[in-house]
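*Asks:* Below are the chains, spelled out letter by letter.
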Amino acid sequence: MVSTLTRAREAAATVVDPELPMLTLADLGVLRDVAVTDGTVVVDITPTYSGCPAMATMRDDLVRTLREQGFADVQVRVALSPAWTSDWISERGRAALADAGISPPGPARRDGPVLLALAPARRVLRCPRCASDAVELISEFGSTACKALYRCRACLEPFDHVKEI
Amino acid sequence: MINDAELLGNDAHWAFGTDFEDPLAGVDTTVPAGLDPAELARYCLMLGDDALVLSQRLSEWCSRAPDLEVDIALANIALDLLGQARLLLARAAAADPSAVPVLPEGSPVPAEDALAFFRDAGHFRNVVLAEAPNGDFAETVTRLLMFSTWRLAEFERLATHPDAVLAAVAVKGRKELAYHRDFAARWFLTLARGTQESRRRVLNALDALWPLWAELDAPAEAEGVLEQVFAASQVDRPESVPAATRGRDGVHTDALTELLADMQSVARQHPRGLW
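Chains as they are written, first to last, in the numbering used here: chain A, 4 to 168; chain B, 385 to 659.
Chain A with its partners taken away, still in its complex shape (with noise of 0.2 Å):
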């Protein structure tokens, strides 16, 4: 017989990111842990930028399916440390990252002290839709706070990039 504890984490994996629909919580790495104690069931999550607006829909998206599934006491609960990185976000992330047009972020930066980058960040990636290389950064704010925004110089198509951070 499976337990509560894997029961939860079964449906809480299966809740999806609000602005990035083709992506689990878990598979963007802002679901952090899930426990049941006495019976509540306990999630934490973690915002992947401080201002993130999707972190009420995303409890109350977890609040909903964990209900559905019979957990009458959910507890979602915030995680600050360790901050979210990019790095967090698993393959099978990136790959139906790239299946909706949007180019997966390349390894985040190591802690250390933040250096001025005078000149845009040189990313190697490739356009989403057509796989050529020649790709321009059109701004380092896209349309939600953890993408870019770039364009494929082959086939002139605008697309987004998850940051590194």
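Any given hint could be a false lead.
Where chain B lies over chain A, by a calculated footprint (3+ residues, C-beta under 8 Å) [stated by the list, open to error]: (1) 8-14; (2) 89-102; (3) 119-129; (4) 142-153.
In short, the hints are calculated from the structure, not lab data. None of these values were measured; they are calculated from a predicted model. All C-beta atoms, glycine included, are put in the ideal place defined by N, C-alpha and C.
On the provided structure of chain A, position chain B as indicated by the hints.
*Replies:* Chain B alone, transformed into the frame defined by chain A:
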């Protein structure tokens, strides 16, 4: 007018429900031994107010920026700062509940909103640099360069603060601030080495804002970063006399009063409102 009381307890009216207004939900906010809770709260309030006020300023650009990409960038930066402000104000409130303005009985306004919307200018602890009007795009970029360079250096230092909550906010925030600083530095460089007109404007902006730098009491690393940007931009470090601003003591310019009048008006009209 909406009757607030009728809506209490009925989450169906609200897309996001009504009770996820605590950005520190489930976070252990016990103040570690050896730290004075009131002092920690004051410090978090300063850093939170800096972010809140500049966030509000930057959001004034929304739909008015020189181009769409800049518009989106400034809105994104404002959002990051607003997120930092929420965490820091919530941290201040948890450390020292007596710092939170008292609202009418039954008000559902969370502590960080009470701090944001129900304090007058004299109780804000932000530096005056954060409240200065946006001016033109050159002034906005120059202020953002000064602010994010200083704040990033400050957050690097705070990453090892004994209060785990403040340290976590700093570790997260510095990743965001690195993007803000790079954005501002690149635009500063672009304007300074662009046309005669763009250079004239950025030099004017620097002259006007530089007296406010002293109040930040910036660490040497921040000075070093600005030197790099100035050198690449072929701009001399200004020598203007520091202004004797005391935003940290609640002494502000009229610009803050006007900003708050706008930002706080709806919340104050509906102290029992649910948002």
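*Asks:* Now, for every hint given, state plainly whether the structure supports it.
*Replies:* Evaluated hints:
For the stretch 8-14 of chain A, the stated coverage by chain B is not satisfied: 0 residues place a CB nearer than 8 Å to a CB of that chain, which falls below the threshold of 3. Check result for the stretch 89-102 of chain A against chain B: violated, 0 residues qualifying (beta carbon to beta carbon below 8 Å, three or more required). With a threshold of 8 Å between beta carbons, the proposed coverage of the stretch 119-129 of chain A by chain B holds, since 5 of its residues qualify and at least three are required. Residues of the stretch 142-153 of chain A with a Cβ under 8 Å from some Cβ of chain B number 7, which satisfies the need for three, so the listed coverage holds.
Comparing the model with each numbered hint stated earlier shows that hints 1 and 2 do not hold.
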